Amino acid sequence: DGGITQSPKYLFRKEGQNVTLSCEQNLNHDAMYWYRQDPGQGLRLIYYSQIVNDFQKGDIAEGYSVSREKKESFPLTVTSAQKNPTAFYLCASSFKVVDRVSNQPQHFGDGTRLSIL
Amino acid sequence: KQEVTQIPAALSVPEGENLVLNCSFTDSAIYNLQWFRQDPGKGLTSLLLIQSSQREQTSGRLNASLDKSSGRSTLYIAASQPGDSATYLCAVIGSSASKIIFGSGTRLSIRP
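For the protein sequence lines, the chains are A and B, in the order given.
One gets our numbering by counting positions in the first sequence from 1 and adding 284 to each.
One gets our numbering by counting positions in the second sequence from 1 and adding 983 to each.
Bound-form chain B, shown alone (with noise of 0.2 Å):
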C-alpha cells in the first residue's frame, strides 16, 4: 500500500532564504507527483506535476525533483517571502490506480 510522508511537519524560516521540503513515498511504482499549496481554509492549488519518466520541473522560484528510484520528492523554494507561507502537500499517483495518495503537508512559515 502506497504511503506518503512528509517530515518536518511544519517548518520556520527568515524572509530570504533557500528552502527544501521534503517527501516520500514506499512504493516507487509511480504515474506521476504533484506538488500542491493550501492557504488556511482553502482548498488546493497545483504547484507542479512531474510525469514519472522526469526529474524535475521548474516554475519561476519553484524547483521539485523527483528519484523514482529512493522514493523522494523534494520541493526547492528560492528566496522564500512572506506570502509562500502556506502548507505545501505533496501526493503520488500509483501507476496501478487511478487514485491520488496525499502526503500530511509541510507547514511553511516564511518570517519577515
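So that you can see chain A by itself, here it is in the shape it has in the complex (with noise of 0.2 Å):
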C-alpha cells in the first residue's frame, strides 16, 4: 500500500545534541514537507520541497535542516540550535502542480513525537 512513514515514532534528544527524523513516501509525490505541532495549536510549516535538490524554508525553519536528495525521502535534522524541539512532527506529501499547489489533498505521516531528556 502506498503511504507516508515516518521514524521513529518517539524521540528523545540530549542536551546539545542533533537528531534526525526520518520521513519516506512511495507515492510518487513531488513536493514533501514537514510540519510542527504543539499542544492546542495547529500545523506550523517548517520546510519544504517541491522537487529533489530543492528546498524552501517556512514559517519557522530556525533551528533546522533537511535534505531531498531522494524523491522519496525528506529526511529533518532538529539541531542544538532549536531551543524549544519538544513537539509533535509530521511529514506530509502531495501531487506538484506546474505552478500552482495541488488540488490533491496533502497525505500525512503518523508523526514523531521528540521530547527532551
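One or more hints might be untrue.
Below, a sample of chain B positions facing chain A; criterion: calculated Cβ distance under 7 Å [to be verified]:
{"hint": "1", "residue": "LEU1002"}
{"hint": "2", "residue": "GLN1017"}
{"hint": "3", "residue": "ARG1020"}
{"hint": "4", "residue": "PRO1023"}
{"hint": "5", "residue": "GLY1026"}
{"hint": "6", "residue": "LEU1032"}
{"hint": "7", "residue": "SER1035"}
{"hint": "8", "residue": "LYS1082"}
{"hint": "9", "residue": "PHE1085"}
{"hint": "10", "residue": "SER1087"}
No farther apart than 25 Å at their CA atoms in a straight line, the calculated lysine-lysine pairs in the DSS-like style are these [what the hints assert, rightly or not]:
{"hint": "11", "chain 1": "B", "residue 1": "LYS1025", "chain 2": "B", "residue 2": "LYS984"}
{"hint": "12", "chain 1": "A", "residue 1": "LYS355", "chain 2": "A", "residue 2": "LYS298"}
{"hint": "13", "chain 1": "B", "residue 1": "LYS1025", "chain 2": "B", "residue 2": "LYS1082"}
{"hint": "14", "chain 1": "A", "residue 1": "LYS354", "chain 2": "B", "residue 2": "LYS1082"}
{"hint": "15", "chain 1": "B", "residue 1": "LYS984", "chain 2": "B", "residue 2": "LYS1082"}
{"hint": "16", "chain 1": "A", "residue 1": "LYS341", "chain 2": "B", "residue 2": "LYS984"}
{"hint": "17", "chain 1": "A", "residue 1": "LYS341", "chain 2": "A", "residue 2": "LYS367"}
{"hint": "18", "chain 1": "B", "residue 1": "LYS1051", "chain 2": "A", "residue 2": "LYS293"}
{"hint": "19", "chain 1": "A", "residue 1": "LYS355", "chain 2": "A", "residue 2": "LYS367"}
{"hint": "20", "chain 1": "A", "residue 1": "LYS355", "chain 2": "B", "residue 2": "LYS1025"}
{"hint": "21", "chain 1": "A", "residue 1": "LYS367", "chain 2": "A", "residue 2": "LYS298"}
{"hint": "22", "chain 1": "A", "residue 1": "LYS354", "chain 2": "A", "residue 2": "LYS293"}
{"hint": "23", "chain 1": "A", "residue 1": "LYS355", "chain 2": "A", "residue 2": "LYS293"}
{"hint": "24", "chain 1": "B", "residue 1": "LYS1082", "chain 2": "B", "residue 2": "LYS1051"}
{"hint": "25", "chain 1": "A", "residue 1": "LYS355", "chain 2": "B", "residue 2": "LYS1082"}
{"hint": "26", "chain 1": "A", "residue 1": "LYS341", "chain 2": "B", "residue 2": "LYS1082"}
{"hint": "27", "chain 1": "A", "residue 1": "LYS355", "chain 2": "A", "residue 2": "LYS341"}
Everything labelled a hint here was simulated from the structure, so no lab data went into it.
All values reported here derive from a predicted model rather than from experimental measurement.
Cβ atoms here follow ideal geometry from the backbone N, Cα and C, with glycine treated the same way.
Need the complex rebuilt from these two chains, each delivered in its own frame; the hints are there to steer you.
The structure is reproduced here in C-alpha cells:
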C-alpha cells in the first residue's frame, strides 16, 4: 500500500545533540513538507520541497535543516540551535502542479514525538 | 497575513446528533480549503477539499461548505457516532502562496 512512513515514532534528544527524523513516501509525490504541532495549536510549516535537490524555508525554519537527495525521502534534522524542540512532527506529501498548488490533498505520516531528556 | 480560526476548541455531543464545526479565515483570496481529521497521536487524514469555485463538498455523512466572501467554512456531520471522536482541522491555501495555513482544530467527543 502506498503511504508515508515516519520514524521513529518517539525520539528523545539530549542537550546539545542533533537528531534526525525520517520521512519516506512511496506515493510518487513530488512535494514533501515538514510541520510542527504543539498542543492546542495548528500545524506550522518548517520546510517544504517541491522537487529533488530543492527546498524552501517555511514559517519556523530556524534550528532545523533538511535535505532532499531522493524523491522518496525528506529527512528533518533538529539541531542544537532549536531551543524548544519538544513537539509532534508531521511529514506530508502531495503531487506538484506546474505553477500552483495541487488540488489533490496532502497525505500525512503518523508523526514523530520528540522530547528532551 | 492569513489566519485561520476554529471555534470552539472542544465540543462534546451525544451520539446520534447532527453537528456543525466552524472555520473562519481572514483573507478571502484562497485557492482551496480542506478539512482534516486527526486521531490522538496520529497524522492527519484528509476528509474533504473544496476548491475556491465550489460551494460545498459531500462525502458520506460529511458535508463541507465554503463561503469565501464571508471567510467561513462549516463541516456538517450527520448522525454522529462515537467513532467520529477526533480533532478536526481546517486549512486554507492562499491563491498567491503554496503554503497551507492550518487552524488549531476542534476536539470533538461523541458520547455513547
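If any of the earlier hints don't hold here, list their numbers in rising order.
-> Hints 1, 3, 4, 7, 11, 12, 18 and 19 contradicted; others consistent.
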